[in-house]
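Participant: Take the sequences, apply the hints, and build the full model.
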Amino acid sequence: MLDSQIIFAGVLNGLLAGGIYVLVAVGLTLIYGVLHIINFAHGSLLMLAMYAVFFLWRLVGVDPYAALPLVIAGAFIFGFFLYRLVIGRFSHGRDENILLITLGLSIVIDNAALLFFGGDTQTIDVPYAGAFVEIGAAFLPLPKIISFAASLLICAALGLYMARSDTGKAIRAVAKERQGARLVGIDVDNIFAISYGIGIACLGAAACLLMPTFYVTPSSGHAFVLVAFTIVVLGGMGSFVGAAVGGFIIGITEALGGLLLGEQLGQIGISLIFILILLLKPTGLFGSKA
Amino acid sequence: MSRQAALCLVGLAAAVMFPLVAPNYLVNVGMMVLFVAFIGQSWNIAGGFAGQTSFGHVVFFGTGAYTSTILQVTYGWNPWLAWPAAMLAGAIVGWVIAVLSFRAGLRGSYFALITLAFAEVFRILANSVPFTRGGLGMLIKADPRPINFQFRDPIWFYYLALLLCVVSILIAWQVTRSRFGARLVAIRENEDAARALGIDVFAEKVKVLTLSGAMCAAGGTFYAQKYLYIDPNIAFGVDKSVEMLLVSMVGGAGTIFGPLIGSVTLTVINEVTRAVASVVPALKNVQPLSLVVYGIMLVLIVARLPDGLIGLFRRKPRHA
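Note that the protein sequences, when read in sequence, are chains C and X. Per my numbering, numbering of the first sequence is gapless, rising by one per residue and ending at 290. Per my numbering, numbering of the second sequence is gapless, rising by one per residue and ending at 1320.
I should point out that these hints are in silico values taken from the structure, not numbers from a laboratory. For every residue, glycine included, the Cβ atom is placed at its ideal position computed from N, Cα and C. Hints should not be assumed to be uniformly reliable.
What the hints assert, rightly or not - Residues of chain X placed beyond 12 Å of chain C at every Cβ, according to the derived structure:
| # | residue |
| --- | --- |
| 1 | Trp-1080 |
| 2 | Trp-1095 |
| 3 | Phe-1111 |
| 4 | Leu-1160 |
| 5 | Ala-1196 |
| 6 | Thr-1265 |
| 7 | Val-1268 |
| 8 | Leu-1289 |
| 9 | Leu-1309 |
Claimed, not checked - Only part of the chain C face toward chain X is listed, based on derived beta-carbon distances under 7 Å:
| # | residue |
| --- | --- |
| 10 | Leu-100 |
| 11 | Leu-114 |
| 12 | Leu-115 |
| 13 | Ile-275 |
What the hints assert, rightly or not - Sample of chain X residues lacking proximity to chain C, with all beta carbon distances greater than 12 Å (derived):
| # | residue |
| --- | --- |
| 14 | Asn-1078 |
| 15 | Ala-1142 |
| 16 | Trp-1173 |
| 17 | Gln-1174 |
| 18 | Arg-1179 |
Facilitator: Here's what the structure looks like:
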């Protein structure tokens, strides 16, 4: 039967997974907070970034952690131009339209990946994959701990950037009051593209941190998209703190759901939280408005 | 007789004659075109006419498929009797989702996402509970007699799909002619203004999703009887939701013939990519290639042709 030690280990593992979810969700919530669009392609773009990390390792031999700066920069540029050339251009009109466009993008990305990379599950064998750290009765994989710490550091750095830098201030200004920002001379369209780029850069970072312990298939994006939306809705759309708290809650929910209800039924917790939050408190835990 | 009516009759006559001259392979393709047009129409009535974009319409499809299959396999019902029961189940699920979501005031993207989550909950449940036999799926015993809703000759499934498609078009046509339809369009164009005009927005939206759920569930039973097998991923997978949405958007959301035109278009694309793939050996997998094309079409249609392909033939702006 389940005893407290297994639960303890489950909670710790959930916390570690949640640390990376935070990074994915921060990207999504940033895009929502600034552009007021729901980026349905978020999971697919994460999958794409994971393949980038995989191929950097397979073809060039770059360690996933060493690939961080490169993948972050690449993801930013990709996101920036994706917004500039596709999403921004077509973004006139209603929010369902953007949702449909990002849905279309995710269909294209998922299936292009299937076409070019094949449907096989790909993993990276890092030499430190087998290393464990013992905390109480729980054995935690070392790469998960490194990724957890790195994820939180990156989130903190992003928070600092948003708080201190000129671009960060401009992004916050646009998020709060688009017209006002335009009036004081901020190039709003450029800020939109930069924000989208930063959101995707977070995915690039998350991909590097995930790959040492996770796998990638063309359908990985689909697995993450509902998780990411649940975290963001739980925390409150557009809220950074909410994304962080939501990430940990979902990580733990997932781990405990798997332990208590089994592999199949355990996944239901996330969808149920998502539905309940939308029905009962659509502003989420830290959201300001519906 | 008006030109449109004449055109419809000619089209219908061609559709009736088609399987008499076409080879079996094409009869099956035609059956799928009509079937997808039918479930697309069920999406279109809620998503197109009333503007309630759903990402999880498959929840009704799967409910219908599982209801009739369980009644038949586990309780020994005749599938023809199980069919209306499946539609009732679809209507109930549509009603419950609508009441919950619209009571909470969810609109636009939020409604789309919550339908996706409902479909996911149903998929996980179907994977886990004993009476659906979990991930093993459910087999319907083959016994090809018309009384069992099974036919030796694929032509009968074709005609049944044609009947469903025609009925769904008639329903859509009736909706556009009725005050109900006018209220739905008002809600789609501006929900607050519709409410200000005295329309009971909540009641109308619940009604349309209930109707849409019943129709889509009918499609689920049809599918289960045609293939005699369902599992959680077929019944509640996201692919079918996307397919229903795609055919409506591509053909023209909120138009009577949109889903049919979209279904024909996507099938033609699918067959063309299949033909291309048979020539180019590097493309071993056809399915993703046609989906890539579908995705690109969706983006372009939303961006450039909000009325869908049907908008090319008609110069009437849909958006006020």
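Participant: All hints are to be evaluated individually against the structure, with a verdict given for each.
Facilitator: For each hint, the structure was consulted:
1. The beta carbon of Trp-1080 (chain X) is kept farther than 12 Å from every beta carbon of chain C, the shortest such distance being approximately 33 Å.
2. Look at Trp-1095 (chain X): its CB is around 15 Å from the nearest CB on chain C, clear of 12 Å, so calling it non-interface holds up.
3. A cut-off of 12 Å between C-beta atoms contradicts the statement that Phe-1111 (chain X) is not in contact with chain C; the least separation is 9 Å.
4. Chain C leaves Leu-1160 (chain X) outside its interface by the beta-carbon criterion, the shortest separation being 30 Å against a cut-off of 12 Å.
5. Every CB of chain C is more than 12 Å from the CB of Ala-1196 (chain X) (nearest about 19 Å), matching its label as outside the interface.
6. Every CB of chain C lies more than 12 Å from the CB of Thr-1265 (chain X), the least distance being 15 Å, so the non-interface label holds.
7. Annotated as non-interface, Val-1268 (chain X) keeps its C-beta farther than 12 Å from every C-beta of chain C; the closest such distance is 18 Å.
8. Its closest Cβ contact with chain C, about 6 Å, brings Leu-1289 (chain X) to no more than 12 Å, contrary to its assignment away from the interface.
9. Look at Leu-1309 (chain X): its CB is around 15 Å from the nearest CB on chain C, clear of 12 Å, so calling it non-interface holds up.
10. Taken as an interface hint, Leu-100 (chain C) checks out: its beta carbon lies about 5 Å from the nearest beta carbon of chain X, inside 7 Å.
11. For the restraint placing Leu-114 (chain C) at the interface with chain X, the shortest Cβ-Cβ distance is roughly 4 Å, inside the 7 Å limit, so the hint holds.
12. With its C-beta approaching chain X no nearer than about 4 Å, Leu-115 (chain C) sits inside the 7 Å limit, and its interface hint holds.
13. Look at Ile-275 (chain C): its Cβ gets to within about 5 Å of chain X, closer than 7 Å, so that hint holds up.
14. At roughly 32 Å from the closest C-beta of chain C, the C-beta of Asn-1078 (chain X) stays outside 12 Å, upholding its exclusion from the interface.
15. The Cβ of Ala-1142 (chain X) sits about 28 Å from the closest Cβ of chain C, beyond the 12 Å cut-off, so the non-interface label holds.
16. Distance check on Trp-1173 (chain X): its Cβ is at least 25 Å (rounded) from any Cβ of chain C, clearing the 12 Å threshold; non-interface status holds.
17. The claim that Gln-1174 (chain X) is not at the interface with chain C holds, since no C-beta of that chain comes within 12 Å of its own (minimum 26 Å).
18. The claim that Arg-1179 (chain X) lies off the interface holds: its Cβ sits roughly 25 Å from the closest Cβ of chain C, which is beyond the 12 Å cut-off.
In this structure, the hints that do not hold are numbers 3, 8, in rising order.
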